[in-house]
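Enquirer: Let the hints inform the model, and build the full structure from the sequences given.
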Amino acid sequence: MSNETQLKQTTTTTIPMLRSMSRLRELQHNPLEFLSGLTEEFGDIVQIKLFFWPVIIINHPDYIKHVLQENYRNYDKNVPIFNLFRPILGNGLVTNYGGESWLRQRRLMQPAFHRQRTAALGEIITDATQQLLAQWVQRTSEQEPVDVAEAMMHLTLNIVGRALFSIDITGKTHSFGKAFSDANAFLLEYFNQPFPPLSVPTPRNRRFHRDVRSLNKIVYEIVQQRRTSKDTHEDLLSMLIEARDEETGEGMSDQQLRDEVMTLLIAGHETVANALAWAWYLLAQHPEVEQRLYRELDEVLAGRVPTMDDLPKLSYTRMVFEESMRLYPPVWIIMRKSLGADMLGGYPIPAQTYIAWSTYAMHRHPDFWERPEEFYPEHFTEEQVAKRPRHAYIPFSHGPRICIGNTFALTEAQLVLASIAQRYHMQLVPDHPVEPNPLMTLSPRHGILMRLQAR
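Once you know that position 125 of the sequence shown is 262 in my numbering, the rest is easy, because the numbers rise by one and skip nothing.
Treat the hints with care, since some could be wrong.
[Stated by the list, open to error] BS3-like, lysine-lysine: derived pairs with alpha carbons at most 25 Å apart:
1) K202 x K214
2) K367 x K354
3) K214 x K186
4) K202 x K524
5) K524 x K450
6) K186 x K202
It should be emphasised that the hints constitute simulated quantities derived from the structure, not laboratory data.
Expert: Right under this line is the structure:
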């Protein structure tokens, strides 16, 4: 791994361009390998044509740092990827273009995600995980395979629903859970095939609009009940309702609350669930890592349920999860648009130009990772982290628009990993295909079937 973080001095101001239309078809069929291959062929910056739009693809920590941090005000989120999600996410933090409206929302929401608040949610995480473990007891005795990708999705939706509303929205009898699952499934499909557009009244599009109307009705009813209720609720929704802008004293409108609730529900469960699923997959293939994880859990927990106080001692557990997100980052691609002209590593960037980078490719860049293609949790020792450019690892993005829930996500993942791994050893079902599916998040295309063995 090279310790050199300075960009090579460019001898030309012209960005290399991929002109082969046949090569561009690879982007649709295998975007992960296509984007990784661009670095090998062209270096860390290249221009391609995506449909009608020129897009500059970057793959260097310094370029990413410039866009996300040093000159972030010049780059907004008015890009095709985020526009696909606006019909359901509205103008929440993730999809908000930027500027003053985003800054106001961030200020209003930040207190709900302070570390003290995250600590209070630890009990919700462990309680939901213990419920899942109780359901798995029969699976263990009958040797019935478990799709851990589906199980983690159900678990994290339960956790985020309880953290937001103080209710379990995953139950089959709960209308919100049904409408949410259907709308979320549509988003996954629509991301891969966004034609015809939502304005065309196809049966698929009509079902989606019906689900969104159902979700809106339920969320608005909950918001109104909370606004008029005298009862105390220690959940995120109550904190968002009570939040006031420090400068104006104003709170969120019902529309803003709705958009943020939908954003937290989707972003807050989809990403962590997929990262956990990939962690189980990787552990099953690397028994030496799995055994070291078991040793840490046995020494620290000795069979009891983990708590927030245990997390500083579960350092290897954290490293396992961080390494899983390196190899299979849930948010596998990030995109911005330049508002004005800029310079990036000596290259001119015109105004109104799309800039994108593959988190998947950046996390496997051989200049910044000792073993780029291996599952090697030691990438996240203090020594390794200290000598690596910060923007070489961006599972939650970086800069002012870093994921607001990143601390909660890491806490949730550590507690879930510790709770399950101290109870079960997981084995992959032979011959079941496992491959990454880069849609809205990087999910396993066919799920991940595993057999549970009590430890």
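Enquirer: Look at each hint and say if it fits the structure.
Expert: How the hints compare with the structure:
For the given pair, K202 sits about 16 Å from K214 by alpha-carbon distance, which is consistent with the 25 Å threshold. Restraint check for K367 and K354: satisfied, since their Cα atoms lie roughly 22 Å apart, inside the 25 Å limit. A distance of roughly 19 Å separates the Cα atoms of K214 and K186; the hinted pair therefore holds under the 25 Å criterion. Distance restraint check for K202 and K524: the Cα-Cα separation of roughly 16 Å lies within the 25 Å cut-off, and the hinted pair is therefore satisfied.
For the hint pairing K524 with K450, the CA-to-CA distance comes to about 23 Å; that is within 25 Å, so the pair holds. Using a Cα cut-off of 25 Å, the hinted pair K186 and K202 holds, with the two alpha carbons roughly 24 Å apart.
Taken one by one, the earlier hints all hold for this structure without exception.
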